[in-house]
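**Q** Protein chains in written order, with my numbering: chain L, 274 to 379; chain P, 87 to 201.
Calculated from the structure, these hints are not laboratory results.
Quick look at which bits of chain P chain L covers, simulated, 3 or more residues with Cβ under 8 Å:
hint, segment
1, 135 to 147
2, 181 to 187
Derived Cβ-Cβ restraints for the label pairs, each shown as a range:
hint, chain 1, residue 1, chain 2, residue 2, range
3, P, T189, L, A286, 25 to 31 Å
4, L, N283, P, S145, 28 to 34 Å
5, P, H112, L, N275, 27 to 33 Å
6, L, G289, P, I142, 42 to 48 Å
7, L, R331, P, S141, 34 to 40 Å
8, P, S145, L, G289, 44 to 50 Å
9, P, S106, L, G301, 38 to 44 Å
10, L, E288, P, T187, 30 to 36 Å
A virtual CB, placed ideally from N, CA and C, is assigned to each residue, including glycine.
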Amino acid sequence: KNEVEQSPQNLTAQEGEFITINCSYSVGISALHWLQQHPGGGIVSLFMLSSGKKKHGRLIATINIQEKHSSLHITASHPRDSAVYICAVGGEKLTFGTGTRLTIIP
Amino acid sequence: DTEVTQTPKHLVMGMTNKKSLKCEQHMGHRAMYWYKQKAKKPPELMFVYSYEKLSINESVPSRFSPECPNSSLLNLHLHALQPEDSALYLCASSQGHGGSTDTQYFGPGTRLTVL
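This is chain L alone, in the form it adopts within the complex (with noise of 0.2 Å):
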């Protein structure tokens, strides 16, 4: 079964910082995916990557397939970009890391 890791569990950051949140996982895959989850809400799929980088308006998602490793980088952090964010890997049955709970501060 992958592992999927994320860090860090919890991050608060000022209005206008840059973000970064990472993902490793423990078995080689084709692709990962982010999503967000607002507190009480569903969840919005972000990103698909199978390799390099996606960008997105103010969200940037890059992974190396060789080390394992993806990250979310959200550029000019803004306080609706609170939430939950979520790395997963698999397909029917996907796996999810533990999530990272970013709160921005204006």
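With chain L fixed as given, assemble chain P onto it according to the hints.
**A** Using the frame of chain L, we list chain P on its own:
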């Protein structure tokens, strides 16, 4: 339409009640999922339907009964639940090819409280 809808948003039920959760998608996806999520934990997979057939049951107690009437709809029938079943129940759908690139789209969830 890239939305998965779930009803109701909130549900409070007693241990002797029977209720149902509903999930709907109109993206032409052929795989649909039920997850259970406790506070501050990642989602736990319960069931997967692929092409309207139950393909995965993660040893879920029989008090949870899934149903897939057609490719757009997924129900979860609840009966004789326990207080520890209180959680956020999430539905998701995907194209259904089963590979690791098969992105799942999640609904907003139903917050279930069992008294």
